[in-house]
Structure formats: structure tokens, C-alpha cells
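Given next are the chains, with one letter for each unit.
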Amino acid sequence: MSVIALSPVDLTLAALLVIALAVLTSRVGMGLSKSLLVSATRTVVQLLLIGLVLKTLFEHAALHWVAIMALVMLLVAGREVVARQGRRFTGWRAYGIGTLAMFVSAFTATVFALTVIIGPAPWWEPQYAIPLLGMMLGNTMTGIALGLDRLTQSAWQQRRVIEGRLILGQTWAEAIQDIRRDAARSGLMPIINAMAAAGIVSLPGMMTGQILAGTPPMEAVKYQILVMFLITAGTGFGTLGAIWLGSRRLFDERERLRLDRLKAG
Amino acid sequence: MGASILETAFTTLIMNRFRSPDRHPAPALAEDSQNMPLLLQIQQLRTPRIGPLDLGLGAGELAQVAGPSGAGKSLLLRAIADLDRNEGLIRLEGQPRQAWTGAGWRRQVGYLPADPAWWADTVGEHLRTGDERWLETLGFGKDVRDWTVDRLSSGERQRLALVRVLQNRPRALLLDEPTANLDPDNTRIMEGLIRDYLRESNAAALWVSHDADQRKRLGGRLFLMENGRLTESNP
Numbered sequence: 000m001s002v003i004a005l006s007p008v009d010l011t012l013a014a015l016l017v018i019a020l021a022v023l024t025s026r027v028g029m030g031l032s033k034s035l036l037v038s039a040t041r042t043v044v045q046l047l048l049i050g051l052v053l054k055t056l057f058e059h060a061a062l063h064w065v066a067i068m069a070l071v072m073l074l075v076a077g078r079e080v081v082a083r084q085g086r087r088f089t090g091w092r093a094y095g096i097g098t099l100a101m102f103v104s105a106f107t108a109t110v111f112a113l114t115v116i117i118g119p120a121p122w123w124e125p126q127y128a129i130p131l132l133g134m135m136l137g138n139t140m141t142g143i144a145l146g147l148d149r150l151t152q153s154a155w156q157q158r159r160v161i162e163g164r165l166i167l168g169q170t171w172a173e174a175i176q177d178i179r180r181d182a183a184r185s186g187l188m189p190i191i192n193a194m195a196a197a198g199i200v201s202l203p204g205m206m207t208g209q210i211l212a213g214t215p216p217m218e219a220v221k222y223q224i225l226v227m228f229l230i231t232a233g234t235g236f237g238t239l240g241a242i243w244l245g246s247r248r249l250f251d252e253r254e255r256l257r258l259d260r261l262k263a264g
Numbered sequence: 000m001g002a003s004i005l006e007t008a009f010t011t012l013i014m015n016r017f018r019s020p021d022r023h024p025a026p027a028l029a030e031d032s033q034n035m036p037l038l039l040q041i042q043q044l045r046t047p048r049i050g051p052l053d054l055g056l057g058a059g060e061l062a063q064v065a066g067p068s069g070a071g072k073s074l075l076l077r078a079i080a081d082l083d084r085n086e087g088l089i090r091l092e093g094q095p096r097q098a099w100t101g102a103g104w105r106r107q108v109g110y111l112p113a114d115p116a117w118w119a120d121t122v123g124e125h126l127r128t129g130d131e132r133w134l135e136t137l138g139f140g141k142d143v144r145d146w147t148v149d150r151l152s153s154g155e156r157q158r159l160a161l162v163r164v165l166q167n168r169p170r171a172l173l174l175d176e177p178t179a180n181l182d183p184d185n186t187r188i189m190e191g192l193i194r195d196y197l198r199e200s201n202a203a204a205l206w207v208s209h210d211a212d213q214r215k216r217l218g219g220r221l222f223l224m225e226n227g228r229l230t231e232s233n234p
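Heads up: the sequence lines are chains A and B, in that order.
First residue of the first sequence? That's 0 in numbering that gives the first Met the number 0, and the numbers climb one at a time after it.
First residue of the second sequence? That's 0 in numbering that gives the first Met the number 0, and the numbers climb one at a time after it.
Next up, chain B with everything else stripped away, as it sits in the complex (with noise of 0.2 angstroms):
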């Protein structure tokens, strides 16, 4: 019994040493109102055509942004990824941007685009060998790697983008329609492995959908963008 709690202290101890700084920076958390920690904290966020807006996701927390095309739903995500100039304070589990590179940034904030890019000629050559546990859950076997991007289809496309994103391990995720191109099998099994990784790493998510269905199904806060501004909707 003694032995074991020792054991149960060492490893914590260990733990604790060799867990990344750059992964888990001191949780010196922001808090919202409701005295709720924020994992990613958006204030006062502009571009020339979106903002200024304020938005704050929980950990493990999955919100959902609707509104129509048009309306800035994409200029928001990069603008969180910091792929368009924007000013404005973001911070992540307290710290505040500029603390990463841009690079740094985008890999604790991974953004899936509606139109992933791929450059090389086979899909193994975008992705990091090891992890292969996405990859079966999403149902593709050992030899995708082996497979030339040329041949994919969009949904293949984009379920590998989604695994993609993920090898980085994110803390938020920055969602642009990931299911858009999916029959409903496989939108419900893209779902739930988004839910599972929310839920394993704690991260949170920020989900653009137009689909009413779907909506439903994941629940959560729901923000509505309308000319490049952010409201909450009622339930």
C-alpha cells in the first residue's frame, strides 16, 4: 500500500518534469465572467472586414459558428490562426499570442480549412508516420500512405486533412465545415473522433457548419456571424 502511493508520487513527479512547456504553459488561466477557465480568450478581434469581436471557448468546449456566406465565418478562423493581418488580444490557457512564432501559433491553433491544400504527390508524405490510430478510426488502412493525392476523393481529402491537423495536437481547433463533403456514415464517425480528441486533450473547438442537422446533433453554444459580426444565439 505504502509502496503504492510512493509509486503514484514519483510518477506525478515525473510527470510533471518532463511534460512539455510548450504544450502546457503554466495554467495561469484567463477567467470569464462566470469564473470558468478559458482555454482561448478572443478580445476585441479585427480585420478590415470582421470585428471587432470577443469570444471565449472553455476547455473541451465545442462551439458552433452559422451564419451566411459571406458573413466572415472563414475570415474569423484565419484571423484566430493568424493568417491575415488583425489586431486584437488572443491568449491561449493565458498566455498571450505573440509568446509562439506565427508557426508555433498555428500548430496549438490547428485550422482546417473547407479547401484543404495538399503539394506532394502521396498522402504519407503530408502526414507524420507513427500515429496510426486516427487513420483506422476514419478507415483507411495501413497503405494510404502509399496512396497519390491525385486519386483521393474529396471526402478522403478531407478526413486526412482532419488527421493532418490533429498530428500537431492542438489545443483549439479551428473547424471550417469538415464534414461538408461527407456521406452521413462517415459525418458521424468524423464527429465523434472530434469529440473523443476534444475530450481526451481537453482542447476546445470552434466549428463552422451550415447544417441544420448537424447542428443539433453537436450541440453547445451557437454564434451567429452576420456581417463580420459575433452574437450569441439563444437557445
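Isolated chain A, as found in the complex (with noise of 0.2 angstroms):
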């Protein structure tokens, strides 16, 4: 039950196929042809470059490290998140409202799962460590992203709807209730349709490499339950976080709508 190495040939006949995709849609016309072949290429370079980090980070194995690698992790996720607003919030809550959010959460459910449940010694152990928080982070990512995207657009298109309701004397947070809902809705059905379909109609991508690896099937699929859990937990502790945190923003303490706090992104 060992790995069987990839060599540089492998890799290259798998590129082969990529190349042929970008020459038959260049042939069509479609236009796609440079940037598939721009993000294959920074695919090779990052995960190269996360692959020369991570085996550095195991030799070396101390919690500074650790620590300094979860937040550029955190940061960079932070700013995936902003480049997905249609409208941000101005100031330091563009970045803010969904970096804080995603801290909470991703690194709390990482933590937890770390210190109580897997319990690898150290804790902070960056075998566990890193791929854990590192899916942690990339679904809570795209569950605050697709969240506060809804909230902050629901809340531009109806705003005559929230002042009317401002108007009869509702509050805030009932005036904007009916949005906050769909926002997480929005923000959870990614992660929800994952735990539905599970299984079924696709194979989730870190049993398969378990599974890959030598793994027995059933420890890979008790660690993907484990994970799934954990994400579940995660993104939607952070979107709801997030919505709470954004959709506060878009009011002042005289309850007023306040849509100049959004600029177009």
C-alpha cells in the first residue's frame, strides 16, 4: 500500500491534455484558450511553490511557523473574498467584515478538531495542521464571499423595499430580515449540496486522494465525514457571522439604510 511516484512525464502527458483543450478552443474561437493556459501554468508554479513550503514547514516543525503560514492563508482568503463583492463596504470593513469571520470560525473549528478530536502531538502538528485549516478556509472562503455578495446586492436592488418597511416603524434588523435569509442561504447551499451528494454522485477530493494514497477506504471516508462536519460547521458559523456583521453595517444607530457605506467594487 504505497504511493505510486509521479514523474515529470506523467505530469507532462496530463498537460498534453490541458494544451489540447486551449488549441480546440482557440480553434472555435471561443477565447478561452489564454487564460485555461495562464491558470494551468499557475497551478504548476503555486502548488509547486506550496509543496517546496509545506516540506520545509515539516522539517521544521514549530508553531511560529505554523502560525505564520495559517495567516498569510487568512489574509489571502480574506482578499479572494473582497474580489468577489459586487459592492464592498467602504473603509477597513471591505476587508474586515469577512477576514474576522472567517478567523473566527475556520480557526475555530480547526483548533477544535486539532486539540479534541484527531489530537496529534503537538497539537499544531502541520501535517494535520495546514490541510485542515487550509479546506477550512477555502469553504468558509466561498461561503462569506457568495453571502455578503447577496446581502450587500439584495440590499442595493431593494432598498425602496427596506425603507418602506423602515417606515411603518419596523427595526433594522426586521426591516432587512427577509434578505439576511436568502444571504445565507445563498452562502450554505454549496456545503449543503456537498453533504447531500457525497458519496453518491461525486467522490469528495481528500478521500480520493486518501484513497489514492494507500489509505483504507474506511479510514479515508471517516475522515471525510470528519471534515465535512468540520467545513459544515465552519462556513456556516462564519457566513452567518459575516451577514450579522455586514447587514448591522448597512444600518446607523438611528436605524437609517445607509447604501453610501457600499461602493461599487
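Don't take every hint at face value.
Said to hold, decoys possible - Simulated coverage check for chain B against chain A, where a stretch passes if three residues somewhere in it have a Cβ under 8 angstroms from a Cβ of chain A:
id	segment
1	82 to 88
2	95 to 102
3	159 to 170
4	221 to 231
Hints listed in this document are in silico derivations from the structure and should not be mistaken for laboratory results.
Ideal Cβ positions, reconstructed from N, Cα and C, are used throughout, including at glycine.
Join the two chains into one complex using the hints; note that each chain is given alone, in its own frame.
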């Protein structure tokens, strides 16, 4: 049960498939070939770099290196959340709301899994901590980005309704509750779908990877269930937190709708 | 005879005890220059587009605002309802606006915009239950609550929006052309309803109107809004 090592030739063969696709899209004039090739190149470079980083990190396991790595991952994920917003909050909150919600939920879930459930020694063992945190952040990022985007776009489009409700004496929370519910739903829908389809429609990537690497299927399945639950909780709490912070920011202390606190992204 | 005086005193006592402090704050009324108690007092109200302007409305008073479109009439009503950022002092029955939360304040000053918003599917979801009087006055039957908002005409929307605002029992009404989409008969009915409400609840109204005939019918003080400034028009 050992891993069959891949040679550069193996990867080149796989790359040829992408190049073939790029040639085809170029021939039929779909204008996708350039971005295909750029993304493929980015994949190679970024993953080789992270491979080197992880290799170094595993060899020099120390809490502060893991913490720095985690911080970099968090900041990049925070930037991704901002980049996907059609309308952003002005000031530091453009970055702050998503990053804060992601930090609290993803880090809490990861630390909880490491200390209470998996329990490697030491608890921050990079081989466990970094991949877990990566999966948490990746999914939480998607949930928060979708949720916040839905919240701000809907508030912008439905400002007449929100103000119509305020006019009648509803509180800010009552006036935005329908929009908040929709935003939470769109943030959580991907992970709910993934849980519902897991194993039937798709074999989750992490489990597939473990099986390819020689882990007994039942062990891989258990890890996958653990990760799914952690991701769901992290995404859920993170998305709800970001939506709450964001919706609060849309109103001021006199419960006025303050769309001037948003700017087009 | 003696019993009836006692009864009256007792009733008064009970009534005073159960008077809602939210709706009727202690009558420490501000006074204007003629020593008339003011229900709604506005001082140095300003936003980036309007003011500074002063305005006082007495209990039961109906005052009108006219002026060219774009002069800031709707912005004035929005500022009083505290929907846009604004500076200045506004008092209701002597209490500063800050004594209420934003939501609480807007229940006191019922703002009826020119084009009110509807969000739920049926009319009933926008109305409280139990008070059918205004609906009947405006010519709606009991089944109006089941009507879908989509099938309402603009005039029906306008009349139902008035009922929706009145259900908060506001102390002041801010009306932005409330009869713009109504035929003459319904316009008269709505004018009568608003007058009755002001008389019964001793509330005040600021009424934006474009219609000269209506201005004559309604009477009362007339203010002109131009370039964000308000001046009282001499009769």
C-alpha cells in the first residue's frame, strides 16, 4: 500500500490534455485558450511553491512557522472574499468583515478538531494543521463571499422595500430579515449540496486523495465525514457572522439604511 | 348624582393610569412665539440638499407644502422621518427625537411616500388585523386582505398605504401627494379621512400637494419650498 510516484513525464502527459483543450477552444474562437493556459501555469507554479513550503514546514516543525503560514492563508482568503464582492463596504470593513468572520469560524473549528478530535502531538503538527485549515478556509471563504455578495446586492436592489419597512416603524433587523435569510441560504447552499451528494454523485477530493495514497477506504471515509462536518460548521458560523456584521453595518444608530457605506466593486 | 361624579373621577384616574407613556409623553409642550402649544417643532433642520429650516405644527393642524419638483419637498419629509442623515432639533410634544429609537420615532411620524413599497404577496400581510374602520371608509370590503398586491391599481395602493400608516396611530403625518393617483371622488374621501384622523387624535399633518384646487379645499398654512428653503406663503 504505497504511493506510486509520479514522474515529470506523467505530468507532462496530463498537461498535453489541457494544451489540446486550449488548441481546440482557440480553433473554434471561444477566446478561452489564453486564460486556460495562464491558469494551468499558475496551478503548476503555485502548487510547486506550496509543495516546497510544506516540505520545509514539515522538516522544521515549529508553532510560529505554522502560525505565520496560517496567517498568510487567512489574509489571502480575506482578499479573495473582497475580490468577489459586487458591492463592497467602504473603509477597512471591505476586508475586515469577511476576514474576521473567517478567522473566528475557520480557526475555531480547526483548533477544535486538532485538540479535541484528532489529537496529534503536538496539536499543531503541520501535517494535520495546514491541510485541515486549508480546507476550512477554502470553503468558509466561498460561503462568506457568496453570503456577503448576496446581502449587499439585495440591499442595494431592494432599498425601496427596506425603507418602506423602516417607514412603518420596523426595526433595522426586521426590515432586512428576508434579505438576510436569502444571503445565509446562498452562502450555505454549496456545502449543504456537497453533503447531500457526497459519495453518490461525487467522491470528495480529500477522500479520493487519501485512497489514492493508500489509506484504507473506511479510514478515508471517516476523515471525510469529519472534514465535511467541520467545513459545514465553519462555513455556517462564518457566513452567519459575516452576514450579521454586514447587515448591521448597513444601518446606523438611528436605524437609517446607509447604502453610502457601500461602493461598487 | 354623587355616584356619577365619583364614577367620572374614577374613570379619569383609570384612564390616566393606563395611558400609554409611549404614545402620550408628559405634555411638556414647547411653545412658539404666539404661545400656542406646538406638537411638532423643527429647528435648524438641514441635510446636504435642504435647509436650514424651521417649522412648527400645532396639534390638529394641517399645513401644506408646495413648490417645483426637485425643490426638496420629499427630502424634507424624509429628513423629518429620520430616513436620511440630517442635523437639527426636532421635538414631538416637547420630547426630542432622540428620546425614541429610529423605529419608534417613525411610528410617531407617519411618512406616506409618493410611491409606497410593498414586499409581501397579499395586502393582509402588510396590515394589522382588527381595525376595519378605515378600510371600510375607503371603500374596501373584508376580502381586501386576501387580494394580491400585484393586482392592485395605483389608486388602491395609495389608499391602502394610508391605512397602513394610520394603523401606527402616528402623532404627525407626513404626506407626499397622497391623492396623486386618485379620481375626484376618492380624493375627497381620502381628504375627509385624513381630516377626521387629525381631529380625533389631535395629530398634525404636513401635506405636499401639487394641486391648486386641493390646496384651496384643504386650507391651513401654506409653505413654499424652493432650492431647499421653506418660506411661509402669505394668504
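| field | Proximity test - 8 angstroms, beta-carbon atoms, the segment 95 to 102 of chain B to chain A, at least three hits | value | holds (count 3)
| task | Mind taking a look at whether chain A covers the segment 82 to 88 of chain B? Criterion is 3 or more residues with CB to CB distance under 8 angstroms. | result | holds (count 3)
| message | Just to make sure I understand the rule, a stretch counts as covered if three or more of its residues have a C-beta closer than 8 angstroms to a C-beta of the chain. Does the segment 159 to 170 of chain B meet that for chain A? | response | holds (count 3)
| task | Closer than 8 angstroms, Cβ to Cβ, for at least three residues: run that test on the segment 221 to 231 of chain B against chain A and report holds or violated. | result | Our answer is that it is violated, as 0 residues pass the Cβ test (under 8 angstroms) against chain A, missing three.
Hint 4 from the earlier list is the only one contradicted by this structure; the remaining hints agree with it.
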